[in-house]
Amino acid sequence: MSQSANQRSRKTLACTSEATAFQKAFGKELKRRVVDEAEPYAIVQADTPHELFHAMDIPIITNQWWSAYISAKQLSGRYFDAMVKKGFPANSCKYCSLGLACTLADEPETAPWGGLPTPTVLVARLTCDCIQHVFGLWAKELGSEFYPMEAPAWEHKEVDWFAHSKDAWDRVYQPDRIEQMVSEMEDLIALLEERTGRKFDPARLERLMERINEQEGYIWEAARAIGEARPCPVSIADQMPNTMIPQWHRGSDWAVAHAKKFRDEVFERIEKGLGASSNERLRLMWIGAGVWHDPGFYQALEEKLGAVFVWSMYMPFAGPAYIRDLKGKPMEALASRVASMNEVLHLPPWMNGWMTSEAERCGIDAAVILLPPDNRLSQSGTNLTALSLEEAGVPVLRIDADMVDADNWDHDRMVGMVENFLHEKGLA
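Residue numbers (the numbering used here): 684 to 1111.
These are calculated hints, taken from the structure and not from any lab test. Keep in mind that this is a model prediction, so the values were computed, not measured. Hints are not guaranteed to be accurate.
[Unchecked claim] In silico DSSO-like cross-links for lysine-lysine, where the CA-CA straight-line distance does not exceed 27 Å: (1) K987 / K840; (2) K987 / K849; (3) K987 / K1108; (4) K707 / K1012; (5) K882 / K768.
[Claimed, not checked] Cβ-Cβ distance ranges computed for the label pairs, FRET-style: (6) D843 / T793: 44 to 50 Å; (7) P791 / N1103: 43 to 49 Å; (8) P795 / A886: 35 to 41 Å.
Ideal placement from N, C-alpha and C gives every residue a C-beta, glycine not left out.
Work the whole structure out from these sequences, hints included.
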């Protein structure tokens, strides 16, 4: 590993620094509530109904956000080593188990916040074999309870689901699956009310869902504009924080206002003809979670080759995955969003159908796909998506690396791999 070669990303937009400053302040406030004041809180997976917690003003720590936070502090290798020493396999799924590894290491002197206190509950959908084990063990270590949510088979295979998810969600995501998810959410609400003393207000959830529609609409407008613009006004180094940070706070006044500010700043750069690179020649697609330990990777070839990463899943996902015509049924609309969030990002035919369409929409010249060696869910659908892209005429480079574990990552080697690939394909 060559940690010293890792680079910070260059930010183009003014609102990017505003988003990161907000998140830094939020992290301090979250620590105050959860650690200093011992307020009831939950640890949750990214594909769970965060909106229920937001509507009840219950703080949450998202497992993936916590993993990225630990990774950015260059602590992942230390905690995975500690996990192996305790008898766990070295090939554990890194993204989902880094939080558990940090708890198992039990090093208050190195852990962010000194480690996490006991949560009210841990919540995850059972989307793969490891989730139940990771969250069950984590709950036991923290002295809490794991509330699992089912991930039943999705029999309705609509390849262009993204074209109908806004207004036909009750068909696309399958009525029986939506019904089951609503039932599980109602049980979760009852558990939270009992454990925290806070009451759930359906009207507050509906207002939140309406505000989320507004927020995601701004992000989706910006995503469409970026796909059409030549040159690409902002690379994913700006897209990711301005999408993901508001997503953690979706529906809040700040998140809605920031999404609008981001869209407006993107539009302004397009009007001025400004690009992420001064000589854009190649438009690249990044498939997979972000490489949180080396954000500078994405911009390393912008000036040398004019190769710009214009697409990652986070930003264009805002439209089809989040925007819903509520139809007077906010719980059901939310259930449709949650029921298949992981599936459309990782499993065929939904993943490859959407990403192949997105490659065409954005004029992608080549794709780079992250294949975490120990993450079976990411690998299974991702390989089939690579085949779909190649059949559509988009060359694909597969990188065996992990989004939070930097042990097998070397910045210069990975950048060189992308550069050689582009030369071999006659694109550079």
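Evaluated hints:
no.	hint	in the structure
1	K987 / K840	violated (42 Å)
2	K987 / K849	violated (40 Å)
3	K987 / K1108	holds (17 Å)
4	K707 / K1012	violated (35 Å)
5	K882 / K768	violated (43 Å)
6	D843 / T793: 44 to 50 Å	holds (47 Å)
7	P791 / N1103: 43 to 49 Å	holds (44 Å)
8	P795 / A886: 35 to 41 Å	holds (36 Å)
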